[in-house]
Amino acid sequence: MLQVSVLRTRPGFSLEASFAAPTPGIIALFGRSGSGKTTLINVISGLSVADAGDIRLDGEVLTDTRAGVAVPVERRRIGYVFQDARLFPHLNVTGNLRYGEKRSRAAPQIIGFEEVVALLGLAQLLQRRPRELSGGERQRVALGRALLAQPRLLLLDEPLASIDVARREEVLPYLEALRDQLAIPMVYVSHQFEEVLRLATHVVLLEAGKVLAQGPVNELSLRPELQSIIGPDLVGAVLEGVVTRLDPDSGSADLAVGTGTLQVSLRDVPVGSRVRLQLLARDVILATQPVQGLSVRNALASTVTALSNDDYGAVLVRLDVGGETVLARITQNALRALNLRPGDAVWTLVKAVSTRGHAFRLASGP
Amino acid sequence: MNDVPSPAELDALRLSLEVAVRSVGFSLPLAVLVAWILTRARFPGRMLFDAFVHLPLVLPPVAVGYVLLVLFGARGPIGAWLRSHFGIELAFTTAGAALATAVMTFPLMVRAIRLSLENVDRGLEEAARTLGAAPLDRFVSITLPLMLPGILAGAVTALAAGLGEFGAVITFASNIPGATRTLPLALYTAMQSPSGDALALRLALLSFALGLLGLLASELLVRRVRRLLGR
Chain X
399 MLQVSVLRTR
409 PGFSLEASFA
419 APTPGIIALF
429 GRSGSGKTTL
439 INVISGLSVA
449 DAGDIRLDGE
459 VLTDTRAGVA
469 VPVERRRIGY
479 VFQDARLFPH
489 LNVTGNLRYG
499 EKRSRAAPQI
509 IGFEEVVALL
519 GLAQLLQRRP
529 RELSGGERQR
539 VALGRALLAQ
549 PRLLLLDEPL
559 ASIDVARREE
569 VLPYLEALRD
579 QLAIPMVYVS
589 HQFEEVLRLA
599 THVVLLEAGK
609 VLAQGPVNEL
619 SLRPELQSII
629 GPDLVGAVLE
639 GVVTRLDPDS
649 GSADLAVGTG
659 TLQVSLRDVP
669 VGSRVRLQLL
679 ARDVILATQP
689 VQGLSVRNAL
699 ASTVTALSND
709 DYGAVLVRLD
719 VGGETVLARI
729 TQNALRALNL
739 RPGDAVWTLV
749 KAVSTRGHAF
759 RLASGP
Chain V
641 MNDVPSPAEL
651 DALRLSLEVA
661 VRSVGFSLPL
671 AVLVAWILTR
681 ARFPGRMLFD
691 AFVHLPLVLP
701 PVAVGYVLLV
711 LFGARGPIGA
721 WLRSHFGIEL
731 AFTTAGAALA
741 TAVMTFPLMV
751 RAIRLSLENV
761 DRGLEEAART
771 LGAAPLDRFV
781 SITLPLMLPG
791 ILAGAVTALA
801 AGLGEFGAVI
811 TFASNIPGAT
821 RTLPLALYTA
831 MQSPSGDALA
841 LRLALLSFAL
851 GLLGLLASEL
861 LVRRVRRLLG
871 R
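Chains as they are written, first to last, in the numbering used here: chain X, 399 to 764; chain V, 641 to 871.
Simulated from the structure, these hints should not be mistaken for lab results.
In this text, all values refer to a predicted model and were calculated from it rather than measured experimentally.
One should not assume that every hint holds.
Stated by the list, open to error - One-sided and incomplete, this derived list gives chain V residues near chain X with beta-carbon spacing under 8 Å: (1) G685; (2) L771; (3) L869.
Said to hold, decoys possible - Across the chosen pairs, the derived CB separations fall in these ranges: (4) X:V469 to V:V710: 48 to 56 Å; (5) X:Q507 to V:F779: 21 to 29 Å; (6) V:E658 to X:P506: 51 to 59 Å; (7) V:F689 to X:E623: 51 to 59 Å; (8) X:A521 to V:L860: 30 to 38 Å; (9) V:R762 to X:A505: 21 to 29 Å; (10) X:G755 to V:L673: 53 to 61 Å.
Every residue, glycine too, gets a C-beta built ideally from N, C-alpha and C.
Make the full structure from the sequences, and use the hints.
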């Protein structure tokens with residue numbers, strides 16, 4: 399468990415944030431630029447000082463201003479992967495990797511040099527200088543360097559921000575591997591919801607230095623506070639399910655979600671894998687009668703549980719689909735035409751292809 | 641025809657080199673410390689300290705030599721103490737010439753080192769910190785290697801300048817052949833003698849060559865180290 403409750407006030411910005419999240423796992427600090435995400439992880443790392451508050455990791459106190467406790471940064475054993483990597487230019491990749499390793503001999507060994515090199519695909523880079531590396535390679539080395547310091551917590555400050563969108567795949571799969579194979583808890587700062595969807599186990603939503611909401615990704619996806627940050631087009635319920643059938647020819651898969659089955663567009667994920675996907679509310683169609691002759695692959699019996707106006711003139715319909723909650727975004731006109739009320743039975747229609755790019759494998763399958 | 645170069649010339653060259661090397665060796669660690677204080681430390685009177693360090697750049701060298709004589713002379717407060725406790729004599733000795741040279745070239749060295757320290761990315765030190773490096777460890781493993789180009793540039797520039805220090809040396813250490821008569825002092829002496837024109841010219845050309853060599857060496861060294869440091 400990572401428990402943080404801190405206050406830091408500086409002219410022009412004040413951070414007043416509290417959250418508690420389970421460990422291990424990836425805790426995403428999500429919010430717009432300037433919302434205080436980096437300040438918050440700097441306070442957790444100890445690089446920035448908290449004016450008041452306390453920070454506990456698995457019961458151990460790292461900061462407690464009332465008791466006058468502030469463990470120095472160099473003795474916190476908290477790894478930090480900076481946005482700009484910050485590799486040491488006078489050392490080659492091996493030198494960078496060994497830097498933290500040499501200084502962590504007294505700490506319990508979590509991971510060894512060879513394992514890090516294999517896990518992050520660094521074997522070809524060991525003799526290179528930082529300036530000879532691509533952005534993605536740099537971040538992988540920074541990740542390896544932080545891991546070899548045997549951290550009990552790893553902080554990642556938008557590690558993909560300085561990398562071209564097309565080259566982020568040089569890093570993302572490695573982050574997933576870390577999450578699934580190591581027991582090191584991570585705090586991941588991001589302003590890209592897709593990264594959160596793909597990596598996080600717990601989300602802390604920050605806005606103007608304050609925590610707006612926090613919780614598991616699927617719960618948080620239903621919160622109106624998220625909508626104000628990501629905008630109406632990215633709103634949508636996050637569901638988790640297990641792959642029960644795979645059709646490699648059509649690139650589709652059946653997913654057991656709640657008590658029902660969802661046909662989604664998904665490749666290269668073995669049967670039995672856990673998958674997380676987001677059903678974008680704008681892609682979900684509602685029908686008051688069974689439909690025929692439509693290309694839609696999923697027609698799910700469901701119940702309207704709540705209606706709310708969103709901030710953009712449309713209506714957000716909350717639905718119960720086999721025990722899971724799904725959001726649909728429809729116009730005021732559609733709402734009037736269908737005359738929807740809470741408690742009404744409707745058919746929720748989801749195109750399988752609309753999940754493409756919004757579905758991610760969680761942990762390795764069997 | 642006299643021997644060229646004459647033993648006196650060789651003596652002057654050897655002495656100049658010795659004085660310059662000793663002065664750099666003595667003042668380099670101190671210059672790193674002072675550069676660090678001026679760049680990183682915040683304390684009242686920092687500006688005054690800064691000005692004080694740079695004073696030899698603007699003072700007449702004779703004035704610096706005189707102050708050294710007052711402080712480090714045989715009857716001066718520091719000179720008398722050094723003599724009675726360690727048996728060290730500075731006034732009118734080679735060591736004294738090195739001290740005078742060190743004081744005069746100190747600001748040059750501090751400026752070069754300070755510039756390189758200001759260019760060291762504090763973010764790298766923070767990164768080292770998160771990797772478990774304590775303050776002194778960080779300085780030795782990160783800060784010092786990254787400021788190495790500046791340290792070398794400062795040292796070589798000070799060395800080249802130290803070969804030619806005149807005013808402070810002649811005031812504090814006098815013009816003693818074989819002990820404190822360095823190149824510029826030998827040149828000055830030759831100019832005073834009616835038959836010294838040829839010698840003076842040779843010594844002037846030698847000084848010129850040494851200075852040029854020093855500056856070129858400094859530039860090459862800095863480039864080389866920069867490349868080694870990966871920049």
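Query - Restraint satisfaction for L869 of chain V [CB to CB of chain X, less than 8 Å] - result: Since the shortest Cβ distance to chain X is 4 Å, the answer is holds.
Query raised in the report: Per the hint of 30 to 38 Å, is the separation of the Cβ atoms of A521 of chain X and L860 of chain V within bounds?
Result: holds, 36 Å
Query raised in the report: Lying within 21 to 29 Å: is that true of the beta-carbon distance R762 of chain V to A505 of chain X?
Result: Holds: the Cβ-Cβ distance is about 25 Å, inside 21 to 29 Å.
Query raised in the report: When you take the CB atoms of E658 of chain V and P506 of chain X, is the distance between them in 51 to 59 Å?
Result: holds, 55 Å
**Report entry** Status of the given 53 to 61 Å range, CB of L673 of chain V versus CB of G755 of chain X
**Finding:** Cβ of G755 of chain X to Cβ of L673 of chain V: about 58 Å, so the range 53 to 61 Å holds.
Query raised in the report: Do the beta carbons of Q507 of chain X and F779 of chain V sit within 21 to 29 Å of each other?
Result: About 28 Å separates the Cβ atoms of Q507 of chain X and F779 of chain V, which means 21 to 29 Å holds.
Report task. Closer than 8 Å between Cβ atoms is the bar; does L771 of chain V clear it against chain X? Give me holds or violated. Result -> holds, 4 Å
Report task. For F689 of chain V and E623 of chain X, compare the CB-CB distance with the range 51 to 59 Å and indicate the outcome. Result -> holds, 53 Å
Query raised in the report: Taking the closest Cβ pair, is G685 of chain V under 8 Å from chain X?
Result: The hint is violated - G685 of chain V has no Cβ within 8 Å of chain X, the shortest such distance being about 26 Å.
**Report entry** Distance restraint hint 48 to 56 Å, applied to the beta-carbon atoms of V469 of chain X and V710 of chain V
**Finding:** 52 Å Cβ-Cβ, so the 48 to 56 Å window holds.
Of the numbered hints given earlier, the model fails hint 1 alone.
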